[in-house]
Amino acid sequence: MITAKADPDPAVAAKAGRHPADAQLPAGARSAQSAVVGAAVVGYAWLLGGTAPFSTKALLGVLLPGALLGVIAFARPPERIAPPEAVDVAGLSYWVICIALLFEWEASAVRGSSPPSHPSLTDLINPLIAPHPVKTAAIVVWLLAGRALVKR
Amino acid sequence: MNTRTVTIVGFVVVIAALAALEVLGRRKIGRIPTLGEWLGYVMRPRTGRALIMAGWLWLGWHYFAR
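If you're matching them up, the sequences are chains A and B in order.
Under the numbering used here, the first residue of the first sequence carries the number 1, and numbering increases by one thereafter.
Under the numbering used here, the first residue of the second sequence carries the number 1001, and numbering increases by one thereafter.
Hints were generated in silico from the structure; no laboratory data involved.
Don't take every hint at face value.
What the hints assert, rightly or not - If you only want the chain A side, here are some residues facing chain B, beta carbon under 7 angstroms, derived:
hint, residue
1, Pro53
2, Phe54
3, Ala58
4, Gly66
5, Pro83
6, Val87
7, Asp88
8, Val89
9, Gly91
10, Ser93
11, Leu102
12, Phe103
13, Leu121
14, Trp142
15, Arg152
Think of the CB as a built atom: it goes at the ideal place given N, C-alpha and C, for glycine as much as any other residue.
Start from the sequences, fold in the hints, and give me the full structure.
The following block contains the structure:
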């Protein structure tokens, strides 16, 4: 028999990235909650993945989780994963150089209207995520990334 | 090798470099921060937080709404 236990210490729940209010939930309820939220996220991604490009539904489908996470991030933020006090400038510069290269490579393709001889990353990725299940998976990854960002 | 292949190889090389930086960061080699660490650092102020969230939203719009 599985016994449901609440977190004995709200700080433990906070460290695990849960909102302090959720610390009062028993462990079993938290699992059920996670399962329901996971199913909802996949279902939402499936619906969004089926919308037509440039349609109002697709636009609203992207803006809705954006607004939701925006509210969570700024009005009801979860306990954040402690950011470092400082990052090494030289170490960070490697990231900046690579990201700048990526943007420059993309910009050079977009500047030329992304011809087949020099396609943009977008034009390379769009056919890959065109199948509905793949697009659904990509949207789930995007939503999870947004959730992870809220905790940062 | 035609220019299309060169373009694709260019993207692959840069994305592989980003992945390599993440691996090096996680292994604590050369004081390279992980993606999560530097994003967390950038997101300390509310402005940085808003900008990164806006970037995330733009990505979603760019790939899933258009």
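Legend entry - Given hint tryptophan 142 of chain A near chain B, where the shortest CB pair must fall under 7 angstroms: With a closest approach of 5 angstroms, the tryptophan 142 of chain A hint holds.
Inset, instruction - Using Cβ atoms only, decide whether leucine 121 of chain A comes closer than 7 angstroms to chain B, and label the hint accordingly. - result: Nearest chain B Cβ about 6 angstroms off; hint holds.
Inset, instruction - Answer holds if the nearest beta-carbon of chain B is closer than 7 angstroms to that of proline 53 of chain A; otherwise answer violated. - result: This hint holds: proline 53 of chain A lies near chain B, its Cβ roughly 6 angstroms from the closest one there, short of 7 angstroms.
Inset, instruction - With chain B as the partner, please determine if valine 89 of chain A meets the hint condition of a C-beta pair closer than 7 angstroms. - result: 9 angstroms, violated
Inset, instruction - May I ask you to test the interface hint for phenylalanine 54 of chain A with respect to chain B, counting a Cβ-Cβ separation under 7 angstroms as satisfied? - result: 6 angstroms, holds
Inset, instruction - Identify whether the interface hint at phenylalanine 103 of chain A stands, where standing means a beta carbon of chain B within less than 7 angstroms of its own. - result: 10 angstroms, violated
Inset, instruction - Answer holds if the nearest beta-carbon of chain B is closer than 7 angstroms to that of serine 93 of chain A; otherwise answer violated. - result: 10 angstroms, violated
Legend entry - Interface restraint verdict for aspartate 88 of chain A against chain B (beta-carbon cut-off 7 angstroms): 4 angstroms, holds
Legend entry - Interface hint outcome for glycine 91 of chain A [beta carbon to chain B under 7 angstroms]: Hint holds; glycine 91 of chain A Cβ to chain B Cβ min 4 angstroms, cut 7 angstroms.
Legend entry - Given hint valine 87 of chain A near chain B, where the shortest CB pair must fall under 7 angstroms: 4 angstroms, holds
Inset, instruction - May I ask you to test the interface hint for alanine 58 of chain A with respect to chain B, counting a Cβ-Cβ separation under 7 angstroms as satisfied? - result: 4 angstroms, holds
Inset, instruction - With a cut-off of 7 angstroms on the beta carbons, see whether glycine 66 of chain A makes it to chain B. - result: Since the shortest Cβ distance to chain B is 4 angstroms, the answer is holds.
This entry does not satisfy hints 8, 10 and 12, going by the numbered hints stated previously.
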